[in-house]
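Q: Protein chains in written order, with our numbering: chain L, 6 to 238; chain F, 936 to 1204.
Keep in mind that the hints were calculated from the coordinates and are not lab data.
Each residue gets a CB set at the ideal place from its N, CA and C atoms; glycine is no exception.
It is possible that some hints are incorrect.
Output of the computed footprint for chain L on chain F, the stretches with three or more beta carbons under 8 Å from beta carbons of chain L [claimed, not checked]:
1. 1013-1027
2. 1031-1039
3. 1192-1203
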Amino acid sequence: MSSLVECRNVTKCYVNGRPAVYNLNLTLEKGHIIGLLGPNGSGKTTLIKMINGLLRPSNGEVLINGILPGPETKARISYLPERTYLEAQRTVKDIVEFFGDFYEDFRKDRAYAMLEALHIESDARLKNLSKGTKEKVQLILVMSRDAELYILDEPIAGVDPAARDYILRTIIANFNPAATLLICTHLISDIESILDEVVFIRDGQITLKTTVENIREQQGKSVDQYFREVFAC
Amino acid sequence: MLKKLFVHEWKDSWKLVTLFNVIVLVFTLIGIVALSNGNWVDAMEKNAWYATIYVSYFMLYYFAILALGVATTFYFLIRFYKNLYTDQGYLMHTLPVTSHQLILSKAFVMYIWQVISGCVMFVSILLLANSLVWGMENINIFKALMEIDFGDIRLNFIDVLDIIVVVLIVIGCQIFSIMFGYLAISLGQLSKNHKLISSIGIYMGMQIVLQMVFSFFQIGFNLTMVNVDSPSEGLVFAILCLIAIVVFAADAGMYAGSNYIMKNKLNLE
Chain L
6 MSSLVECRNV TKCYVNGRPA VYNLNLTLEK GHIIGLLGPN GSGKTTLIKM
56 INGLLRPSNG EVLINGILPG PETKARISYL PERTYLEAQR TVKDIVEFFG
106 DFYEDFRKDR AYAMLEALHI ESDARLKNLS KGTKEKVQLI LVMSRDAELY
156 ILDEPIAGVD PAARDYILRT IIANFNPAAT LLICTHLISD IESILDEVVF
206 IRDGQITLKT TVENIREQQG KSVDQYFREV FAC
Chain F
936 MLKKLFVHEW KDSWKLVTLF NVIVLVFTLI GIVALSNGNW VDAMEKNAWY
986 ATIYVSYFML YYFAILALGV ATTFYFLIRF YKNLYTDQGY LMHTLPVTSH
1036 QLILSKAFVM YIWQVISGCV MFVSILLLAN SLVWGMENIN IFKALMEIDF
1086 GDIRLNFIDV LDIIVVVLIV IGCQIFSIMF GYLAISLGQL SKNHKLISSI
1136 GIYMGMQIVL QMVFSFFQIG FNLTMVNVDS PSEGLVFAIL CLIAIVVFAA
1186 DAGMYAGSNY IMKNKLNLE
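Could you build the full structure based on these sequences and the hints that come with them?
A: Right, dumping it as structure tokens:
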């Protein structure tokens, strides 16, 4: 299986702090849906930022398809941060056009179809939308790309349970089987059904990388139950 | 990609900056109508209300002109900060573009608007001055300017070069104000907490240092020139070239600093 993401001895230290990620090694293959799971402060977001080129490792290297993060890798990664990153003055349509301009793999028709399905007006200004609706818009934008790697940081945390089902269906329906999907969330039971693999991270180091099937067979538990056991306080 | 970034930056910013300029032009228009007949001088002397209205107008006009320059600069610096160093940075820094393209697109739009606002200020002051002079002395400044015989002015090669270098210095100084703000904002991002306050503090600190350096060189220049009765053309040209080199070197240094921080030290919260 060819690797899409390779982290080699990656360490990230912030100013005057202990390393958020320490000597981390991780390989993610193509065509998998992977859950990146860990308690708060375990280094998940730092790792995701380094894959996206938003942070530079203090040591080691992150490679996407064999190259360092840069404009070329950003064209292939579709990233949903846990923040609302869209300018409030813009309309939904403006944002769709913006994505269409910058990402060659962006499918406007797919974005408008999903907006319609979720009853989101394309002429609405973002400042007039609720927090949950903004998150849905961001997810639609991210999933409307034919990317090689999707990275979703807490994609369902801010939406109601009814919308979660739609969002998970949306993720699966629009997910290119040849691509890799990395999901970072605390709502493990909600996403467990779509995961192929899980990666556990604690104190900036990978403690487990295995398939969901293995956990069920070897531990006789769901991923959610096993996570609670491993990371019990 | 640079063109696309430029187009989107322009589309996102033009409305508010146009409004700033329109406000100044409206003030100018009011002034032209109110001042172009000379009655306002008599009216001010005879009626305290008129005097209050005219004085208020001149004060408001003065603040509008002052605010146009300041508001244009700070509006674009705030946009730079918000777009690249707050939550919006998660979008801008994951676009398939380089940090050079991000900085250049924003700097270019800001520069164009500084030039436009500068022209609006110049035209506005000229029109208002013309109305004042016309109302009081019946002299049309524009007509008087047109009647100047430029045929008597003979420019030699050095004079032309001087003019070119002066124009370059003006452009360099405008770029300086942009890069100065970008570097202060970028340096502020290196602090662990209170990044915006740090940026403002650094901006003010850099201004103080700049004033000190400028004063130091001005004193040195004055002391040197006091012994020179009439500086030769060559000396003037050499001084202008030196100023241009220093200004553009500072521009390049500040640009490189901002780009280095954005590329290597980016740390969005």
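Q: Output the numbers, in ascending order, of every earlier hint that fails for this structure.
A: none
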